[in-house]
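Undergrad: With chain A's structure known, arrange chain B with the ligands on it following the hints.
Chains as they are written, first to last, in this note's numbering: chain A, 1 to 295; chain B, 1 to 261.
Hints in this document: simulated from the structure, not taken from any laboratory.
Note that beta-carbon positions come from the ideal geometry of N, C-alpha and C, so glycine has one too.
Treat each hint with caution, since some may be false.
One side of the interface only, derived from the structure: several residues of chain A facing chain B at Cβ under 8 Å [claimed, not checked]:
#  : residue
1  : R2
2  : I38
3  : A150
4  : R156
5  : D164
6  : G172
7  : L214
8  : P220
9  : V264
10 : L265
Sample of chain A residues lacking proximity to chain B, with all beta carbon distances greater than 10 Å (derived) [unchecked claim]:
#  : residue
11 : N6
12 : L11
13 : Q41
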Amino acid sequence: MRFQENWFQILQTTFMQHALVGGSLVALTAGLMGYFVITRQNAFAAHALAHIGFPGATGAILVGAPVTLGLAVFCVGGGLLIGLFGKRVAEREIATGTILAFATGLGVLFASLATANASTTTNVLFGNLLAISRDQLWTFGGFTLLVVAALAVIARPLVFASVDPAVAEARGVPVRALGVAFVVLLALTITMAVQVVGTLLLFALVVTPAAAALRLTARPGAVAGLSVAFALASVWVGLVLSAMIDLPPSFFVVAVAVLIWGTVLVATRERRSARPAAPAVGGHDVVHAVPERAR
Amino acid sequence: MTAAPDSETPPALVLDGVSVVRGGRVVWDEGDLAVPAGAVVGVIGPNGAGKTTLFQLALGLLPAATGRVEVLGAPPRRGNRRIGYVPQNYTAALGQAVRARDLVALGLTGTRFGLHRSTPDERARVDDALRRVGAAGYADRRMSELSGGQQQRVAIAQAIVDDADLLLLDEPLANLDLRNSQEIVTLLGELRRERAVTIMVVAHDLNPLLPVLTDAVYLLDGHPHHDVIGEVVTEDLLTHLYGTRVRVVRTAQGDLFTRSG
Ligand SMILES: Nc1ncnc2c1ncn2[C@@H]1O[C@H](COP(=O)(O)OP(=O)(O)O)[C@@H](O)[C@H]1O
Ligand SMILES: [Mg+2]
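One chain only, chain A, in its complex shape (with noise of 0.2 Å):
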């Protein structure tokens, strides 16, 4: 580990223009997409999902086929087996966590067979933005324009069935369709954010900025906005680190978002609990007309 002193050079070389643009369209599809899985508590699905696209990622990479391709194929079957379980958090979890050990069983077994690429298996474990080609850049950008122009449509009744789904659904809202829609549009946002941050650390880039942005306001565009500048931030900052001193760039990323979320956590502390949060369950004194489980 060491200070390069050619830091603003190496960012000007075609790798790190390819990282940048790259990572600025993760940041801005993990960013916005982040609200909604912190709204429907869909963070360990967002979790598992990484997971999921692991065995796409080897399994590619065993037959020759693009990782991206591989990825994407893995995440959104996954994320559509995820959403055929149960409504209940519980029940998710334990679904969610079933597929996601015998995903990664999977991506054991086929990395294992594609054992002349271990390097690629690498990359998909913990990402590298230094290897983003210029073709990935293409399928980056029609992602990203797929799912922002996807959220533009649903995101109001989407925020309705996320956190209101039972007047959501009396009040005619698809509750079903846009859960689908949703966990499509977060398994083509995992397909990107995996080969920047990799299956991993991929949590600090989807959830982590969210996770801050909502401590600092609960103005649903304000939380959009403050959580793609904190990811846009991990990403940039991340990047430079990484020029000036030749480690992963993926820790870096990870290191500056978790450090915003570290700080965010730590200044709106105080504030926090000085809030009396009173709910009201409180003892009668007069005798109860009815009792309150009756045969």
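TA: Just chain B with the ligands now, with coordinates in the frame of chain A:
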């Protein structure tokens, strides 16, 4: 009641030979009743009797197995904007990501696809709904930071923001202390006085609601019945309904209340 509906107004809810089946089991049957428009109706019956099911039927979330249902003069359909709904255990699920104001706004524009800026008129209606339920003071707070009573007020604001003609409130007094539940009841009385809205309230404890109730729907022995409140608050009926001795007491001031034992 100042805003009495004219005789032209169809009943808020009509059941005509209705039965409901869930999971292969009849929840209740022989439903024959008409809830008049403008009534404030207590929906009572033991746990599992099918009170929530009745609401789901009216909302078009559940089909009737037999018979005919009519809501505000038309067959039930999902997405009926004339109905405001506050589900059971509703506020418990609301997270920290949503402010009171945003939740109420969803009742107005939450079904809309595409990007729209909210109009000044929409914002005014949200403010108005928050003010009517007395929640203007915490409109910008997160739902998770509000007390149970405050959350319930915001939920009611969401149900009334689109000027619903029928409010379905499923156990809005559950988990509220005496003062909070009395305040919600007062609020319901005020809402009824302002507009000719019909209010149906599921409740376990009739007492706090008695000052505002005009009618009751009670689920007795597997069938729903409707009557004016005076006919329902009788010792024989309540004792039968809850399977335990219930006494009805009239105070010197003329207030009616019930007690067990
Ligand atoms: N989703 C469901 N699927 C199958 N049966 C249900 C469902 N929801 C409720 N039930 C059954 O329908 C009956 C009535 O339930 P509900 O309307 O919730 O009662 P209440 O609101 O009066 O407590 C209960 O016996 C319950 O077990
Ligand atoms: Mg119920």
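Undergrad: Any hints from earlier that this structure breaks? Give me their numbers in increasing order, please.
TA: Violated: hints 1, 3, 9, 10 and 13.
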